[in-house]
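S.K.: Sequence:
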Amino acid sequence: MVLSILTKLHRWFGLFFGIWLVLVALTGTMLLYKVELLQLSYPQLRLQQLPTEQTAAQVFDRYHDGYAYMPREANPWLEVVRPDGTRHYYNATGERILERPYLSDLVGIMVEFHHHLLLKDLGKELLGYIGIAGLILLITGILRWWPRHWSRRLLTIRWAWPWQRGFAATLFQLHKVVGSVLFVPVLIGMITGVAIMYSAAVGSALTALAPHQQPQPVTEQQWLEVAPAQDWQQRFARAKQLLPEHQPQLISLSNLSLRMTFPGEWHPNGRSHVQFNAETGKVSSVYDLRYDSKGYQVSQMIFPVHVAAVGGLPWLMAVLLGGLALIILPLSGIYFWCWRHYKKRCRL
25 MVLSILTKLH RWFGLFFGIW LVLVALTGTM LLYKVELLQL SYPQLRLQQL
75 PTEQTAAQVF DRYHDGYAYM PREANPWLEV VRPDGTRHYY NATGERILER
125 PYLSDLVGIM VEFHHHLLLK DLGKELLGYI GIAGLILLIT GILRWWPRHW
175 SRRLLTIRWA WPWQRGFAAT LFQLHKVVGS VLFVPVLIGM ITGVAIMYSA
225 AVGSALTALA PHQQPQPVTE QQWLEVAPAQ DWQQRFARAK QLLPEHQPQL
275 ISLSNLSLRM TFPGEWHPNG RSHVQFNAET GKVSSVYDLR YDSKGYQVSQ
325 MIFPVHVAAV GGLPWLMAVL LGGLALIILP LSGIYFWCWR HYKKRCRL
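When you line the sequence shown up against my numbering, it's residues 25 to 372, in that order.
Keep in mind the hints are simulated off the structure, nothing from the lab. Do not take every clue at face value.
What the hints assert, rightly or not - With a straight-line cut-off of 35 Å between C-alpha atoms, the simulated DSBU-like cross-links for lysine-lysine are:
1. Lys-200 to Lys-32
2. Lys-58 to Lys-318
3. Lys-306 to Lys-264
4. Lys-306 to Lys-318
5. Lys-58 to Lys-144
6. Lys-148 to Lys-58
7. Lys-148 to Lys-200
8. Lys-318 to Lys-148
9. Lys-318 to Lys-200
10. Lys-58 to Lys-200
11. Lys-148 to Lys-32
12. Lys-264 to Lys-318
13. Lys-318 to Lys-144
14. Lys-318 to Lys-32
Generate the whole structure from the sequences, applying the supplied hints.
M.R.: Structural data, given as structure tokens:
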């Protein structure tokens, strides 16, 4: 009875959500190489020298809205994102070398599809449902497959081409072997993906589990005594004065705030911040993630795990294989179902 329910859940969730999972996994897997794809499409981004904070400050002073990314070894350029989604890229001398309008190339389309299904907030909500469906598929699949007795035969595939007899068996074996061998990276990818879609709820839940936090090291009295900042060079200097161990990564040109990373932080954009008052130039907020609750700190590790920003090459390869598995599993499952039930009429 239970096995029959699991089988039906696995089958119909796979048929209904499978193609969406393939598209999300395909775009996500390709975006692991986003920088390389951008440099392949735009050779002017193959820069050897990183812009300095001084150059960044000069560039940021030209803008009054949007946000910007500081340069890193992986992407050695300044990137300013305008409110309409247009992206401007600057080199080490402060020269604008590229302008990418919103959804103007394949990389931009893949990013927006993977994050929002090209449907903005509605797409993010739908992605949450697709992610939950994917978790149900994965769990029901492993429960259905789990053998009573283990043998090497369970992890073998007898290959046959689509025009050969036995191809349906090949599909079935491929589906089972890929799902079992790569179950862990696929599961982690799915869980972290869903957690990102419901980040506020996940952050609150983890904070409730480990709520203890320490007082922030920089008090309001201390930051109010810092001299006002009227331009971005001064804002960089004031932020360094208040959080000397941190490095600016993500700059809000609209809200005059700097998101910063501390040594060893997983999140590539950082979660600590220094914010300034637009009218007075005074510091209006200082926050150091290291003194927040352990639960909230753990919640901020989910995104870097999902995008392989930590763990080096071994974890990047695990995420890559998990993404490939999430492409193979729905396709092989749907193809096998069509082959079995409709044969020649449903060949893909």
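S.K.: If a hint holds in the structure, say so; if it does not, say that too.
M.R.: Right, here's what the structure says about each hint:
1. Lys-200 to Lys-32: holds, 16 Å
2. Lys-58 to Lys-318: OK: Lys-58 and Lys-318 at ~31 Å, within 35 Å.
3. Lys-306 to Lys-264: Satisfied, since the Cα-Cα distance of roughly 15 Å is no more than 35 Å.
4. Lys-306 to Lys-318: Distance ~30 Å between Lys-306 and Lys-318 Cα, so the pair holds.
5. Lys-58 to Lys-144: holds, 20 Å
6. Lys-148 to Lys-58: Status holds; Cα separation ~20 Å.
7. Lys-148 to Lys-200: OK: Lys-148 and Lys-200 at ~30 Å, within 35 Å.
8. Lys-318 to Lys-148: Given that 35 Å is the threshold and the Cα spacing comes to 27 Å, the pair holds.
9. Lys-318 to Lys-200: violated, 38 Å
10. Lys-58 to Lys-200: Judged against 35 Å, a Cα distance of about 31 Å means the pair holds.
11. Lys-148 to Lys-32: At roughly 27 Å apart (the allowed maximum being 35 Å), Lys-32 and Lys-148 satisfy the hint.
12. Lys-264 to Lys-318: holds, 25 Å
13. Lys-318 to Lys-144: holds, 31 Å
14. Lys-318 to Lys-32: violated, 40 Å
Violation of the numbered hints given earlier is confined to hints 9 and 14; the remaining hints are satisfied by the structure.
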